[in-house]
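Novice: What follows is each chain in one-letter form.
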Amino acid sequence: MASREMTYAEAIREGLREEMKRDERIILMGEDIKINVWTVTRGLFEEFGDRVINMPLSESGFSGAAVGAALTGMRPVVEIMYSDFTMYAADSIANQAAKYRYMCGGGEFRVPVVYRIGGSGSSGGAGCHHGQSLEATFIHFPGLKVIFASTPYDAKGLIKTAIRDDNPVLFYEHKLLYGVKGMVPEEEYLLPIGKAEVKREGKDVTIATYAWTLHKVLKAAEELAKDGIEAEVIDLRSLRPLDKECILNSVKKTSKLVTAEEGTKMGGVGAEIAAVVAEEGLQYLDAPVKRIAGAEMIIPSSSYADQMVIPQIADIVKTVKELF
Amino acid sequence: MATIDKETLLKIYRNMVRLRFFDDKVNEMVASGVRITQHSTHGQEATTIAACAALKPTDYVMPYHRGWGWAIGKGMDPKILLSELLGKTTGCCGGKGGVHIADCSLRIMGRPGVQAAHIPIGAGVGLSIKFRKTNEVVLVFFGDGASNEGNVHEGMNLASVWKAPVVFICENNLYALFTPNIETTSVRDIADRAQGYGMPGVIVDGNDAIGVYEAAREAIQRARSGQGPTFIESKTYRIHGHTAMDRFHLGVYRAKEEVEEWEKKDPLRRLRQRLIEMKVASEAELNKIDEQARLEMEEAEKFAKDSPYPTREEIFQDVYVD
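For the protein sequence lines, the chains are A and B, in the order given.
For what it's worth, the working numbering labels the leading residue of the first sequence as 1488, then goes sequentially.
For what it's worth, the working numbering labels the leading residue of the second sequence as 11, then goes sequentially.
Isolated chain B (complex conformation) (with noise of 0.2 Å):
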């Protein structure tokens, strides 16, 4: 960790921390009524955070459903962001995109819908970056549920066979839906997977944004330079539910005490910790990011519900390209 520098884990901190806020926001919109389709991230931000601090501008990251933290950490503004999921025009996809959020100038390359149907997409802009030479990575996010879908299979042995500038990093946050993977997935750890498409798999703990950081850096390090995909598994937890609906999750499909215990490890307290204790920051200055962070949801949230909707003749244009 010594040769990650300040700037890279104040960022991680900052894009955190925006994250959480940019999250509590949104439960407290959906709560107030508004409709939005939420699946927190809350307790899972230093996966996506921490593995984007390791890309360049003109990497491309495939999104997928659980949050929005390859958005923010791929430099996206919130007030983009959330204009896009109220249907908004001044986000990112005109208000048609919503959940799907996209920015081709971020090289955030569309979050589809599908679970998993992205990964053979994420190997196929493998495949155009070594066609086209640019020496340009792709990551690749899903979580445990995707792991087992048949795309997934497909989408590994493609890359792999290409060895494509691909990294997966599936988020195991233990449940799919409501349901546990135990009961759903062959193995306990995802990585062990990674062996059968010939590349290296790699467990991190999700919620030591350092340690992400780390193994994201190395695996972007070796896509780049040729060697191919590396598959990483980030332990997590989701501390909400599946959706800002989910009314089950506490107790019903998973004990409260479970929630509890991995409350005790949240990401941004750990990291935030560790910065004080590496001096890199201090405790006022982490105050000071804190407060902008929540000054700008509130100022992203008036800016999104200033905004027009989209016109009809808009909302009927780009179903082809003319």
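Pulled out of the complex, with its shape left as it was, chain A reads as follows (with noise of 0.2 Å):
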């Protein structure tokens, strides 16, 4: 099969791009989408016309108008600029989107929204209000969907796949990944929410991570390598549902478990792999679980302080040591 390669942000461009000629009912709605801050929907307008609409800076207004709109047969792709902004947008997504249908008592009533939330993560001191990792946040509500995509080739696959979801699906983007580069198939594909993949193979210890997370736990896996340490490394992909398979075949394998993430450590998603590791597979421990996570802190908006407040490969290469 032929591959191409391009950047994340280029990945899913493509595969909205394929979903909106699939499907007119598809609309994109979002803060500058028309010209777009993350360049994801750059062009889109040109080709798609009034189907892509620039939003005013009312975030849970339009994340609740995509609700209405999806409820009376449209399939909104909303942007939500960045993580620290659905905070605005709470409401209408887990009170309204994730509720709606079960509340009304299913039927007809379905609410197929996308919510892209771009931008996540640390960097460049972007700080507290444009560098949260809040995707934990949102695990918590029965009726949502949540993905995490870390490659060009995961990022198509997955956006294509929620906007065919007929439930609400948060769609997280991490501002760092946007010009990661990858190989992504010209033939189309669709890639199944719920199902993490192992990145990169190991015996001695299994890595849970995610996101942006992934590729720094990639690299602290080939140095933990030099020092004979062979990490299984599994890209959750969807954080709700959750691949307990996954994560317990590996455990299985491996004995120990650690957890990585860029979001802070208490209630976050380290914490719900180590509470179901804890509860289903306990006896393949031979160690305590060691979660990586960002610090319980307030992010610096500094570019010199935010790194210090999120994990690094060291710390990991560090963490994943001191099991063994």
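Be a bit skeptical, because a hint or two may be false.
A few chain B residues facing chain A, derived, Cβ under 10 Å [what the hints assert, rightly or not]:
| hint | residue |
| --- | --- |
| 1 | 139 |
| 2 | 148 |
| 3 | 160 |
No lab work stands behind these hints, which were simulated from the structure alone.
Even for Gly, the Cβ is constructed at its ideal location relative to N, Cα and C.
From the two separate chains plus the hints, produce the assembled complex.
Specialist: Encoded structure:
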């Protein structure tokens, strides 16, 4: 199958374009969606015209409007420019989109909205209002699906599936991933929501991670290999539903579990994974679970200081080595 | 009012009576110990019923928390409505929605429990209508309390920018829970705020069903013809407390005399007198409507009480579309 190299941003765009061509009910809504700060939707207004709609600075409003449009036959893809801004949209997403179908008794009530959460993660001094990783907040809500791709291939396959899903899906994007390049097939493909992937096989320790931190973990794994530790790296891809089977199978093999994420530790994704393994796979472990996560800190708005509060490659190497 | 046909006037009267008796029935059940979250519409029947009478069956409503007038006005059978309030499987949401009354076939698009959450949702329904070119309209009801939510600002701005076929109807009954809106709301006429969204702001006497109908009909026509949203403020009053559990509404946060003054303006009695004066119906004919409505609610109670609860399996269904 022929493939081309493209960036993560281009891969999402290609996924959006293919789906918009296939289904005219799909509309794009977001602040500055026509020109787009993340470049993801750039050019789609020229191609699809009125189906690409600039939104006012009104995250709660347009996230809710998407629910109304979805209930009545449209399939909106909403961009929320920064993860931090989901706090404004939280009621529309977590109280309305997530619950609407159930509280209306199911049937014809369905909310096929994709919320693309742009520019998560800390970099360049984005700080505490433009640099948080808040995906763990939304895994707490039944009714939602939460996904976070780490490669162009996964991003394209998952955005297409998210758009075809009849449930509200949060599709997280990380600001440092947009420029990451990878091979993407020319032929159409879809990836299932809820399936993790082993991005590196190993026998000594399982590291469950996702998003930009995955790339750090892969580099840490190469360093660990020099010291004879072969890490198995799981890219979760989907945070809700969580692919428990993939995690448990890996821990069964390695007997050690480390989780790594950029969000804060308490109540984080790693906490959930550790709990799942404690409940369903404690007998496989021969060492305590280690969680690598963002510090219990406000992210400083400083390009010098912000890296101190999120996990670095050296932190991952050091933490894993503590298990041996 | 010469332009309102007899059939419509009688429909409005019949539905207002049905709503009054439904409300009474729920109050009676609550008083006897049945657990229902009830925000009484006694004294506010004219707004939702008359506005819904100006809609086509294919038009949408975004309901709000106070009462069930939008449900009865949009054609929901009180049996189904009451069953839902009791959590029975015969309810419109299978007994899982409770107060979150919804029915896709009647285009009642779900009643959120979070105040004003549905204002942007309604704007989105309007956007969808424009995309689908179906020439429908959506009525969005809310109260004066919710008018201070940021979502009202955001939703009305969106509807206006999109010139969406939305009619916003704010029932101003002067109180949000136990708080008079003079303490919380910057304007006495909430319709003044419409100007800020570039849409007409219309004030109607919310206890005059005919006036409400005429204002709603004009706004709906305006929306349907592509001229965008209208904001209607319906000035009215709730005779009972915020909920059936409100023990403070007589003499604590409002004077008993104030309630008595508003009781004199009862919208149902007022419409009844008008219909007799206009010779739309005789007293005997209206009495017959009243009696039918009373019986209907007795039957609804029996039906709802006799209906089964959903099974555990049914309760756990419908979180996701499979």
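Novice: For each hint given before, does the structure comply? Return the numbers of the non-compliant ones in rising order.
Specialist: none
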